[in-house]
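There are 4 protein chains.
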Amino acid sequence: MALMTGIEYIESLRELDTQVYLFGRKESNWVDHPIIRPSINCVAATYDLAHEPEHEDLMTATSCLTGRKINRFSHLHMSQGDLIKKVKMQRLLGRKTASCFQRCVGMDAFNAVFSTTYECDQKYGTYYHENFKKFLIDVQDRDLTVDGAMTDPKGDRGKSQGLQSDPDLFLHIVERKPDGIIVRGAKAHQTGSINSHEHLVMPTQAVSEEDAVFAVSFAVPSDAPGLFMIYGRQASDTRKLEPGADIDLGNKKYGGQEALVVFDNVFVPNERIFLCGEHDFAGVLVERFAGYHRQSYGGCKVGVGDVIIGAAALAADYNGAGKASHIKDKLIEMTHLNETLYSCGIACSCEGCPTAAGNYQIDMLLANVCKQNVTRFPYEIVRLAEDIAGGLMVTMPSEIDFKSSVKVPTASDLSVGEWCNKLFAGADGVTTENRMRILRFLENICLGSSAVGYRTESMHGAGSPQAQRIMIARQGDIENKKQLAKDIAGIKD
Amino acid sequence: MALMTGIEYIESLRELDTQVYLFGRKESNWVDHPIIRPSINCVAATYDLAHEPEHEDLMTATSCLTGRKINRFSHLHMSQGDLIKKVKMQRLLGRKTASCFQRCVGMDAFNAVFSTTYECDQKYGTYYHENFKKFLIDVQDRDLTVDGAMTDPKGDRGKSQGLQSDPDLFLHIVERKPDGIIVRGAKAHQTGSINSHEHLVMPTQAVSEEDAVFAVSFAVPSDAPGLFMIYGRQASDTRKLEPGADIDLGNKKYGGQEALVVFDNVFVPNERIFLCGEHDFAGVLVERFAGYHRQSYGGCKVGVGDVIIGAAALAADYNGAGKASHIKDKLIEMTHLNETLYSCGIACSCEGCPTAAGNYQIDMLLANVCKQNVTRFPYEIVRLAEDIAGGLMVTMPSEIDFKSSVKVPTASDLSVGEWCNKLFAGADGVTTENRMRILRFLENICLGSSAVGYRTESMHGAGSPQAQRIMIARQGDIENKKQLAKDIAGIKD
Amino acid sequence: MALMTGIEYIESLRELDTQVYLFGRKESNWVDHPIIRPSINCVAATYDLAHEPEHEDLMTATSCLTGRKINRFSHLHMSQGDLIKKVKMQRLLGRKTASCFQRCVGMDAFNAVFSTTYECDQKYGTYYHENFKKFLIDVQDRDLTVDGAMTDPKGDRGKSQGLQSDPDLFLHIVERKPDGIIVRGAKAHQTGSINSHEHLVMPTQAVSEEDAVFAVSFAVPSDAPGLFMIYGRQASDTRKLEPGADIDLGNKKYGGQEALVVFDNVFVPNERIFLCGEHDFAGVLVERFAGYHRQSYGGCKVGVGDVIIGAAALAADYNGAGKASHIKDKLIEMTHLNETLYSCGIACSCEGCPTAAGNYQIDMLLANVCKQNVTRFPYEIVRLAEDIAGGLMVTMPSEIDFKSSVKVPTASDLSVGEWCNKLFAGADGVTTENRMRILRFLENICLGSSAVGYRTESMHGAGSPQAQRIMIARQGDIENKKQLAKDIAGIKD
Amino acid sequence: MALMTGIEYIESLRELDTQVYLFGRKESNWVDHPIIRPSINCVAATYDLAHEPEHEDLMTATSCLTGRKINRFSHLHMSQGDLIKKVKMQRLLGRKTASCFQRCVGMDAFNAVFSTTYECDQKYGTYYHENFKKFLIDVQDRDLTVDGAMTDPKGDRGKSQGLQSDPDLFLHIVERKPDGIIVRGAKAHQTGSINSHEHLVMPTQAVSEEDAVFAVSFAVPSDAPGLFMIYGRQASDTRKLEPGADIDLGNKKYGGQEALVVFDNVFVPNERIFLCGEHDFAGVLVERFAGYHRQSYGGCKVGVGDVIIGAAALAADYNGAGKASHIKDKLIEMTHLNETLYSCGIACSCEGCPTAAGNYQIDMLLANVCKQNVTRFPYEIVRLAEDIAGGLMVTMPSEIDFKSSVKVPTASDLSVGEWCNKLFAGADGVTTENRMRILRFLENICLGSSAVGYRTESMHGAGSPQAQRIMIARQGDIENKKQLAKDIAGIKD
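Chains as they are written, first to last, in the working numbering: chain S, 1 to 493; chain W, 1 to 493; chain B, 1 to 493; chain F, 1 to 493.
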């Protein structure tokens, strides 16, 4: 079984009977839908790059389960070096797509479920780790994309799972059968769910004993009976539907995707169950997945940041302002912030350590510090990009105007498109179209559909800022720090 | 002649033969176009509020030219109190529209041109001040909206006006005739140009002697022969075209507008000329207009900020998170930043002083400080709003999904809309629709069409950040500060 | 009775029998003590400047109680203009002294006690307002400096007044007598207490009914029996004791002062009592004093900031780096931050309104916003100053080294002083001594004795940052903001 | 030859005839001088910790030159692991001393000179690498502390070396002799110079061909004829001279040191020369040393930060405020910032790569990013510490007051010390002395002698902020980033 190419991956999606709802109705040919396709292209890039010799070292790995060559996105990290390569792979893909390429959630889920099931089996004599290994070998061998699905809709944030007025606001076990379980509920904000072959479901938060039905983890195919998705809309999403859309998209080929994934009494066979009521492992699993995913942001968003910095620099050149000292200083600041994020991604990897199951886990404190910075710096990077770009980024006429041959009946007798191209000319030697292109790219990432991935996802993906602060407090070992201060200040007590 | 109502204003626009191009072709009934109309409603609000007794004090004034009651938007500020009321009026309108209401550029231009023409006439014996007073009395009496048009396309930023490869990149005089002049060029990023009855044109930057043809100021009706506009597109603009669009718009009634205004050999009669080659007054005029407009941002954006703070607080309530201490702290921070902006708006007004012509000018240093803060704090306010709102703001299905009665063929036999309403329920007692509404409002202002006005316009409107820094350096009186330090440090030299 | 001069003020201090403890023992001639004297000089400047014609408008006022000309530091603000002049007077003094000049606490207390006693009398039929007016007329006529004393030691912050293990941790009434009361406790961090003729005591926080003994306000002379002070030490304080100290002091003439003021059973006659158990006015009084004092920081610290900006600019010149673009940009940023603080000081004044008693109160929301910014920006100003100054600011040999004629027995046969002067030379034409002077000034304000006033006092004076945040939350009118958002988002409920 | 203990190290200093000037005269017994000794104790800690088994792995290494066990401070880093251990060793020492322990400059110089001499020899056939290896083996075997001396006084920053009015403002070769060279000039801000056995001198900046006499690197003993030091003074330095000083010192045992090191015609024998006129290697050497040293700050300052966080947490506990949510949040923020710095230190190490000479070099971009953050975050950590500590940190009476038995003649008949202890009591169960101790520790690090090391050294050590920005610009590969943006935006040119 060889690694799939991007095209093979796209074709493989057609073989699934995934149920997708978009703008109020079922979308049969969602694979070719202009709003959805860019996000599929992003996942496809994770396949294609694995075939490029120069990226092979980052994009592929040798499975510790089978010894076979696999895509790194389905790899269990077996060393600090693996953790570091993960981050570098993510930065690479960010640089190539300037988007969320969606396949990380699966990878992060694999590594979290692997170690958690091992420990659960040790404690409770369950069989989840073997179940999971079989599942993962299949994923690796078939080179599948998997949605690591964690976040429940949650309803009233002030109430725990069991106290919600509607139990379906948290995914839960509704029935246990001899051959499996029936589950019900939903996962919200699912990045890349539609583009995944499988869904690997995890609990969304720690679970108390009385709420044990919410402590459930399992995998089902994306087209399992009872499972369907409702597509989330993004800023400027329908530009992709405009005839001949190109420049106004900013990023024509790539994009992100989020959906609500509903489980309306879905059956999970026993061999696909990885947690089933062992409530004390729900929190562990959440924390580990979150940890890996907070590390991820130190790679992917840095790659996107690289493209933004490049685009801002180009915009300045095209404006004829590339040599102004304040412009150069802003590009330095953007670079500085972006590399600080990268440093955090690398550091939590480099300080990783093995779990009882043998795979490696990031340093929890530093992974949370990484993500906390990601909730801040991309916003400042975007702000600086908007500063450099200039107001034209948001006041420019549409691509259709630039291409319009409709004559304006005034003295010059020029067409709308000729006027646009004439008056929005920038530095000598730069075509107005290229200037438009770079400004539309920036518009899209600053306040268009890609802003969803670069900004809001940086804020809330892998947990909202406050979640990281709680972890930083817990991991910060404040008592030890107090003792250091006592020793130096001469306090004995 | 009485103050117009909003409806009268809208009808008055129909009487003009303004030439508007949108998506590549001429738009005849632009007044009712769904993309344009919200911006017209905003201007209409400046008329309607003037009729509400509770707002009369802020919204109206007594003309110093005629003694008649006028809308404050066409007033010459005759005291510090007037300058302060201007800021309060702007905050009021920001609170009512959460948008750019566009009429400030005219007001700021009136005040800048009034004092500059006075001084130009003093020096050169020109007749511009009288010209301008006649024009302004007409504007006041007919209660017109005027586009104060300053920013040229500028082409290559590294080159001055005369060195551009295409002279039309800066608006200039092409011919002087006995009865007037012919001008040619364009004004870019024009906020509310289409919604204006008149255009009051000013130079975009200081002008040297050899470039004197670029030192020109005048007024023409928006439908003057040779004048036309090309509409600028915004993020998510076409949502306004979606059938039944309401919730997904975030702000259904109000919005902003920018356009490219082209002058293709437009004739300006002598009595409408306010500057015509007196190059040394170009810089003065630019600086004054910019100063007034930098003050404006300490009012309008603060009003919008008020709505964002309220929306974020509502979103937290609807999520059931309103009582969390970190949420409360973020709302405090947003309030703190917003009121700091307001303080700057008030302070530069309160420290204002009379010009030679008699109207009042803001304190230049503090007005620039005000705007400089506006290039920063709205971005942080938006970041905090996104933090509080949660990821659903950008992953939520469309309004059409929420309203869809298409059945999903799974166990529960619910429609798409029923699923959406069930699974995106928030705190008890809050309808899912209301939760959607507030999240869509925030989406729109953070990364949709309103982000153009709240973010990018905060950055570049009234001059980009570096322009303020240059003014702060110039106004900061560093030599005097050095002397203070010498006195205290005991340095004699 | 005329306004005192600085010298008369200093002589007037000698007439008091103020009990001062310093370094463990009683200091009789504290007026001439080198550690204390600079703080006295600062207060003296508030007297001297009142005699300079160019500053008369800011420094003096006409008493609303007597119609006589008084120093503005003992004035009741009777208009927004008065509030603004107060801020300008404070900026002026900050510019002249680069220190805390201490007399503001009295002025702020006068205005708070004046309006609070009026309202208390209205409610309870007490006689405090008349008492206070008599006291204030005396202060005005004799041109006295008064310590407005609020902050108690507080003990365990987690406990209210009555629950402290030692009741003396909050100042309280210990006995009521026919002719007065006996009070006991202390006021900590008292700025300028020793340099004051009188102490005007206020409660430190809101008081509940059962703790009514802590709701007490009164005035006593600084040498009242039972009252004494213990001097607080500052960073680098003993440099002032070094023989011939000049350059190393950074600011030879001026400085700040804090002390613990102890009331060990001090008798207060009835006519000097302004609150005595009416617990519901304690919180009111605290809030008003804090409000006025938070406004004050928008003046005094801005003045000090002016000197720091000048000093940093000089340091850059002396280093030969004054023309580097990053240096200029940092000076702009310092100016921007400093003027933002000033804007807040002006705005809360300009938005002030009359109290029931007739004097004017600042806008409470904006005054708290002002102070909140003061807890941040001076730190950044100092950071930028340290950046510009260069490391020499903290690694430079002592003044004694620079002046030493001790020969170093090496080839050049130069003295220690000659080596220092040779090797620490800066730009041509600048004496090494002048370079030293400006660096020592910066050292002193960044991390020496003046850092106490510019940094830590900016943080905690007039209440720590969290106190302002609580007030901002309370004053921010969040419910109204929610309604604005509902109106625009189309939410009806 | 075994590793020295701290005591042996201190005794070894007495054997040198180092010439030290302090307060204008020669200080013979500088080893025991109270102002100097704490800095010696810091260096001694680098010796003592190497003997503790739990720290052996970090504190010692196996020499790649001799195979012998050495102190890591004299080690050549031979792997990424070595670079990481370096950072961890520095954090450890920061945690133990809360000061600058001074031995890093030597270590960083060893690694920079090692690789640079190798490449210089390759190009020019010089013999410097062998010279240096011999020198380093001696250092390793004798376990010496070496001052890596780089920064020249520099005079007028606007002029290059050769254009200064006094050539001695940059250290240079004055004469070449058969057996060596004579050098002249000085090194300023030398951390730990007096406490070093040897001085390893490097150029301070890139050198052009005509200025080749400034391209010189060599080592001489600290007591070489013609070499002497003048001690730099610090804030609050003379507190160390106060009789019985303990609590008021904040950090009684440890501290930092800077001095001016003068070379008045010092002879350097040929075998101790590592660069002598090969001007093109001056810049290389500077960049490498700076790179290593910028990495160092991601370790040492983080360790100090740990102590500050602990101290702030203790101060809050002692104030009875440890449980307030805003306090906890500030401690989280401090931890977050501190760990971000650590992440940068680790990341630039983990991304290190071998030089031609075989030792490992950090990633230059990330090392500069690391240091740039160090010029910011410690200032914010200190600001937050001051916030948490409360104003008492800077208004507290002296230690002498707390211990004074002088009676205050008031009703209670208590001594000054009793009053202090009574009124500055904090939370129950905490002694006032302990509260004082932790506040004095914080005072010392925020605005006392330790602020020199934690703040100003963080700003300027290893190069001022602008130096890092220049390197970030150079290393940021902006052209490649532009290409990424072109690829995605569809720009072909």
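If you are wondering where the hints come from, they were derived from the structure by calculation, not from laboratory data. Since we're looking at a predicted model, the values are computed, not measured. Hints are not guaranteed to be accurate.
What the hints assert, rightly or not - Just a sample of chain B residues kept apart from chain W, beta carbon distances all over 10 Å, derived:
1) Lys96
2) Pro167
3) Ala206
4) His279
Said to hold, decoys possible - Simulated crosslink set (SDA-like; lysine to any residue; CA at most 25 Å straight-line):
5) Lys26(W) x Glu433(S)
6) Lys133(W) x Leu16(W)
7) Lys492(F) x Leu16(W)
8) Lys323(S) x Arg474(S)
9) Lys134(F) x Gly320(F)
10) Lys403(S) x Asn265(W)
11) Lys482(W) x Val430(B)
12) Lys323(W) x Arg474(S)
Unchecked claim - Partial selection, computed: residues in chain B whose CB lies under 8 Å from chain F:
13) Thr126
14) Lys159
15) Gly162
16) Gln234
17) Ala321
18) Val394
19) Thr395
20) Gly426
21) Arg455
22) Ser464
Note that the Cβ used here is the ideal one computed from N, Cα and C, for glycine as well.
**OP:** Any hints from earlier that this structure breaks? Give me their numbers in increasing order, please.
**Re:** 1, 7, 8, 9, 13, 15
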